[in-house]
Amino acid sequence: MNAPDVPIQTHQVAHHFATAKQEFDSAKFGMWLFLVTEVLFFGALFVAYGFLRWRYPEMFVEAHRILSWKMGAFNTLVLIVSSFTIVMAVQSIQRNRQRLAQRYLGITAALAGVFLVVKYFEYMDKIHHGFLPAKFFSGVGVSEHLHLFFGIYFTMTGLHGLHVLIGIGLIVWLMKRNRQGHFYSGFFTPVEMVGLYWHFVDLVWIFLFPLFYLVG
Amino acid sequence: MSQESHHDHFIVPTSVYVGALGALLILTVITVAIAQINFGSFNLIVALLVAIIKASVVMFVFMGLWWDDAFNRFAFLSSLLFLFLFFLFTFADVWFRDFRSPLESEILPIKSPVRPAVVGEKSSH
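Those sequence lines, one after another, are chains A and B. If you're matching positions, the first sequence starts at 1 in this note's numbering and goes up one per residue. If you're matching positions, the second sequence starts at 217 in this note's numbering and goes up one per residue.
Note that these hints are calculated values from the structure, not bench results. Watch out, some of these pointers could steer you wrong.
Some chain A residues judged to face chain B by a derived CB distance under 7 Å, without partners named [unchecked claim]:
#1 Val13
#2 Trp32
#3 Phe51
#4 Leu52
#5 Glu144
#6 Val215
Restraint-style ranges between C-beta atoms, simulated for each label pair [stated by the list, open to error]:
#7 B:Trp283 / A:Asp5: 19 to 29 Å
#8 A:Thr37 / B:Ser257: 26 to 36 Å
#9 B:Val245 / A:Trp54: 41 to 51 Å
#10 A:Pro7 / B:Val234: 28 to 38 Å
Remember, predicted model here, so these are calculated numbers, not experimental data. Just so you know, even glycine gets a beta-carbon here, dropped at the ideal spot from N, CA and C.
So that you can see chain B by itself, here it is in the shape it has in the complex (with noise of 0.2 Å):
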């Protein structure tokens, strides 16, 4: 086993890095273009799955996930597993329970804190 392979870190081309900051940039322009046009559920689709593009570049040229070990690689894609988990059994939960119970009002007697707008008056600023 060699003791000098520590020195041997790949070193990434910086057209790569150049290349990935590029790819970056567009998908925000593209993500930001999308969402001014209304295609109502499917807006949501599509700035995840530009989303997931754009954590996909990070991870994995940025973090460097591409070159390194298997078994960091591994390690770290287990936590989206966890994460793909998590919102399915609390969507389980959700999707499927009755929220319009004539009787929410008396568990959650809760005042909203929101002021009504008054007819004509923007409710932004």
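This is chain A alone, in the form it adopts within the complex (with noise of 0.2 Å):
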């Protein structure tokens, strides 16, 4: 095992937990009943997503060509590679490779960015053309069932950027306490449930992906 490359404020296991493992354990079972009902949070909205092109598949086949599936791939890309560079975060702080870490860190939270930036380009885009939720539509359309496909886009990639955006607040906050050395071998638990978080939100987009820009 390396030595860690940086000062390492040794970490005090909580005094209701008899080991660290034990601290661990909960800490990421907790984490996963959390994503649980992440999937159920999402999930009611791939039900409606479901419903919608269920009763209107003309109305999709029209809809999904006015985005831009070359965005969405592009965005597909940067995720996939986000969550590559999280995951190889928490392995650098296990191998006790703090500064390794940073930079993962850093790269990851740029990717982030750089998936906001596009998704801002999109969202101005079809606000520009009046392509918005429900009242608020004011586009030019053949089916009369247009708004509603907007009404689910924006609800649904609305809400998995809010992820992303918060995904970026809890990545630079594991970068802060990574350089006052508060992670390594011994300790990583925010390292690894930040991870898990930050892989959801690469999973969520998986599908929105394909169901939104690919097939209509």
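Each of the two chains sits in its own frame; use the hints to bring them together as a complex.
Have a look at this one:
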């Protein structure tokens, strides 16, 4: 095992846990339960998507052509690479390579930023053309239900984007603590948990991308 | 019971993560390529199958479910069962409902905000 490459502040196991392993396992189980609630949270929206798609199939064919699949595909690649970099950050901490972990965390936050910038341009384009939800819709279309597509599109990608934004905040917090030497091979619980959260954000996008951008 | 065991987290080799990254990138290219060809409703099935494979790679490799406690695996994967039930009961209702009821326009007198495209005008930009 490498010696840590920054001065370490040894983690004290909280008094209500018997061992560090119990503390880690409890935190991880709690994180998985949180992700279960997230699956059902997004799951409800996927059910709504399924209903609208089944009800208005021609409308979805028209609507998906309005979205830029190139931007969607680019963002898919960005999120996949960011999932890889954050898992490498966790692994670097496990190997006491704090400086390397810091670089991986920085790249992950930057990729998340790129994702949001691309999303911003996509949103501005839709807003400019009046492709908005419900009564705010002022665009031109063949199908009279086109506004329903943009309702579910903005709700799902908007909530996902909010998760990305929160993820950036969490990663920046990790970088601050890592610089202070809080994480090492014996304690990396927050890094592991934020990693799981970030992979979940990637997981949601893996389904959003083909369902909105590719399949009409 | 060993008190030191918390230092024995299994460290997944970098090559495994690189392999998963490569697989995900290739699957993304495949899903985009297939979508360019029109197979009708078959496209949706293929897109979902590829997405499920990609999601499995993320869950089992990146999220480490493969090496995790069986209890955590059980907890997380159980959410997929409940998601399936959610879909099942919703569509069991929706599929057998008659939406062409003549009364629908009276029940839902909502005017569509979509401005119809004039012939020759493109619906998208």
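Here is how each hint holds up against the structure:
The beta carbon of valine 13 (chain A) is not positioned within 7 Å of any beta carbon in chain B (closest approach about 9 Å), and the interface hint is therefore violated. Checking tryptophan 32 (chain A) against chain B by beta carbon gives a least distance of about 5 Å; that is within 7 Å, so the hint holds. Because the closest C-beta pair between phenylalanine 51 (chain A) and chain B is about 6 Å apart, less than 7 Å, the hint holds. At its closest, the beta carbon of leucine 52 (chain A) sits 10 Å from a beta carbon of chain B; the interface hint therefore is violated under the 7 Å criterion.
About 4 Å separates the beta-carbon of glutamate 144 (chain A) from the nearest beta-carbon of chain B, less than 7 Å, and the hint is met. Among the interface hints, the one on valine 215 (chain A) holds; its C-beta lies about 5 Å from the nearest C-beta in chain B, closer than the 7 Å criterion. With their beta carbons about 26 Å apart, tryptophan 283 (chain B) and aspartate 5 (chain A) fall inside the hinted range of 19 to 29 Å. As the Cβ distance of threonine 37 (chain A) to serine 257 (chain B) is approximately 32 Å, the hint placing it in 26 to 36 Å holds.
A hinted range of 41 to 51 Å for the beta carbons of valine 245 (chain B) and tryptophan 54 (chain A) is inconsistent with their spacing of about 29 Å. Range check, proline 7 (chain A) to valine 234 (chain B): about 31 Å between beta-carbon atoms, so the 28 to 38 Å window is met.
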